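Using the hints provided, position chain B with the ligands relative to the given structure of chain A.
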Amino acid sequence: MDGPAIEARRLRKVFTTSVRRPGFVGALRSLVAPERADTVAVEEVSFSVARGELLALLGPNGAGKSTTIKMLAGVLVPSDGEARVAGQVPHLDRKVNARRIGAVFGQRTQLWWDLPAVESFTMLRDIFKIEQEAYRTRLEELDGLLELASFWQRRPRQMSLGQRVRCDLAAALLHDPPIIFLDEPTIGMDAVAKEQVREFIRYQVEQRSRTVILTTHDMAEVARLARRVLLVNEGRVVYDGGLAELQKEYGSGWKVRVTFATGEVPPGIPGPGEKVGDAHVFAGVDPTAKRELMRSLLDRDDVTDLETHGDDLEDIMAAVYRKRAAVTA
Amino acid sequence: MLTLRFIKLSIKAALEYRTDFIFMIAVGIIWQVTVVAFATVVITRFPGLGGWSAGDVLLVASVRLAGHTFASGFFIGLRQVSELTADGKIDAFLLRPLPVYRQVMLNYFHMPEFGGLAVVAVMFAAAVRMVDIDWTPWRIGYLVASVVGATLLEVALQTVLGAFALRRPTVKLWQEWTEELMAAFGNYPLHILPNLAWAVFVFVLPIAFCAYFPVAVLTGQTSSLPVPAGVAVASPLISATLFLAALGWWRIELRRYESVGG
Ligand SMILES: Nc1ncnc2c1ncn2[C@@H]1O[C@H](COP(=O)(O)OP(=O)(O)OP(=O)(O)O)[C@@H](O)[C@H]1O
Ligand SMILES: [Mg+2]
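Chains A and B, in that order, give the protein sequences. When you line the first sequence up against numbering that gives the first Met the number 0, it's residues 0 to 328, in that order. When you line the second sequence up against numbering that gives the first Met the number 0, it's residues 0 to 261, in that order.
So that you can see chain A by itself, here it is in the shape it has in the complex (with noise of 0.2 Å):
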C-alpha cells in the first residue's frame, strides 16, 4: 500500500452539551426543553503524515488536539470531513483500523484497574489474537526499552504516573501497529522516566518505522523529536511544516540576560530591560541593537554577570499562539 499513512482533509467536530439552568425551576425547565450548546473542538483540520514520518501536534490547552486523534483512532466520529488511516475511514471499520495503530491517552489508562499490568498484557494477546511465540518476544523488547519487569506484577491503581504510563506505552505496541498516537505521553513524568520514553518513540520512529502523532506540552521534547510540527488554535491549522523553518519565522529574537553590580541598570545602556530576580533580561528582534547593546556592556566593570541566547522554543510558540490569535480575532 502506498500513500500517506494517515490524511485529514477537513476534519470537523461539534460536541453537543446540554447546558443547566442555574436554580431548581431551571433545573426543571432543562429537564422539559433541554438547552442545547455546541461546542467546535475542531473546525477545520487537514494534514497527511508519511510513513515512517513523526508529526508533532502542538497547540494551547482546548486547541483540539485530542479530539483530532481521537476521530483519527476512531474513537470519535467526525462531523464532517474525512479521516483516513492506512487509506481507510477508521470509525467505518473500527476493528481493522484497532489492528493497525496503536494509542496512549497520558492522562488515562487503557489496562485493567484491579490486574496486574502483565495480566493486562495476556488479555491484549488474546484479544489481539497475537501468536505466544511473537508476544514473547516483543514483550521482551518492550521490557528492554521501558524496564518494565520490576513493576508489572502490580496493579495500575499501586503504580506511579510514570510506570503506569510505561505500561501503557507497552501495551499499545503489543500488537506490533504500523501508526501510533501518543496523546502527552509523558504528562507528570520525571526527567529520567521522560527520557527514557522520549528514547523509545525515536526507536519506534527510527528502528521500527513508525508513523507517530504526538502531542506535548513539552516543548524540549519537541525539540528533541520532531522535525515536522502541526500547530493547531482554536480547531484551525495555524502552522504545519518543519520545526527549523517555525523557529526562523517567528523566534529570530535575541536575549541578553545581565547582573550588574549596582542591581540597577545604569545610565547609558540602551532600553530599560526586564528585571528577572538580580538580573536585567533586555530582548528584542533586530540584530543591530543586540550588536549596539552587546558593546556598550562589554566595556562596563559594573556588569558581574552576562548571558546571552536566543529564544526558547517555548517563547516561540507562546509568540506564535498570541499572532495568530491576533490575526483571528
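If you're looking for bench data, these hints aren't it; they were derived computationally from the structure. Treat the hints with care, since some could be wrong.
With the C-beta cut set under 8 Å, the calculated list includes, among others, these residues of chain A facing chain B [stated by the list, open to error]:
1. F23
2. G25
3. K69
4. V74
5. L75
6. R93
7. R107
8. I126
Predicted model, so just to flag it, every value in this text is computed and none were measured. Backbone N, C-alpha and C define an ideal beta-carbon position, used for all residues, glycine too.
Relative to the frame of chain A, chain B with the ligands by itself:
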C-alpha cells in the same frame, strides 16, 4: 476463550483480597435471603395473592431472581457505563478489535451475585414442590426459556439505559431505579395492582414479561391475564426481541459517543 479467561482472572483478583471476597459473597447471600424472607412472609400471609397460590407466586419470584442473578452477574458492566466513560475506558474499548458491548460486560464480573445462585436453587426447589404442575419436557424447556427470557429482559432494559449513559452520566440513577422497580414488582402476579400500574408494567417498563406472564403460562392461568394467552406464551421471545432491539440502540448511541475532554 476470552470470557472464561477473564472470569478466571477476576476471581483470582478477587481472591487476593480474601476477606473482601468472602464478605462480598456473604453480602450477596444475605441480601438475597432478605428478599426471599420478605417474599415468603408476603406469600404465607396472603395465601391467595390475586387468586394465585403461594407456590405460583414463589415460582414467579424464582424465575425473576434467577434472571436477575444472571443479568447482574454477567452484565453488571452496563451499570458502570457512566464511570467507564468518565475514566476514558470506553475510549480504550474502541481501540480494540472487539465489540465495545462485550468489553463493557467483561470489564467487571460481579462475584457476589453468584452467591445468590444458591438461594435461587432453594427457591426453585420449594416452588416446584408447592406448585401443582405436570413437569413435561415441554414445560421444563419453557421454564428454562423463561429464565433466559427474564435475564434478557433485564439486560435489555439496562442496555437501553446504558446506551444513554454513554453521553449522560446521570442516567446511572435511572438504571438503579429500574433495577429497584424490577425487584419490587417483578416478584408478584401483577394483576393485584391497579389497572394503570400494570399497564405501565406491560407497555412502558415491561416487567410483566419477565416472570409473571411465563409463570401464568406454566400454571395455566393465562385466562386471568390482561393480554391474550398467545402474547404471554411468547414472553421469552418478546424478551429476546427487546434485547436485540436494545443492542441496535446501543450501536446507534455508540456512534454518537462523545468521549470526555482531556
Ligand atoms: N467530550 C467533550 N464534550 C464536550 N466538549 C468537549 C469534549 N471534549 C473536548 N471538548 C471541548 O473541545 C475543545 C477541544 O478539546 P481537546 O481536548 O481536543 O483540546 P486539546 O487540544 O487536547 O487540549 P489540551 O492541551 O488541554 O489537552 C475544548 O474546548 C473542550 O472543552
Ligand atoms: Mg488534550
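Check each numbered hint from earlier against the structure, then list the numbers of those it violates in ascending order.
1 and 2
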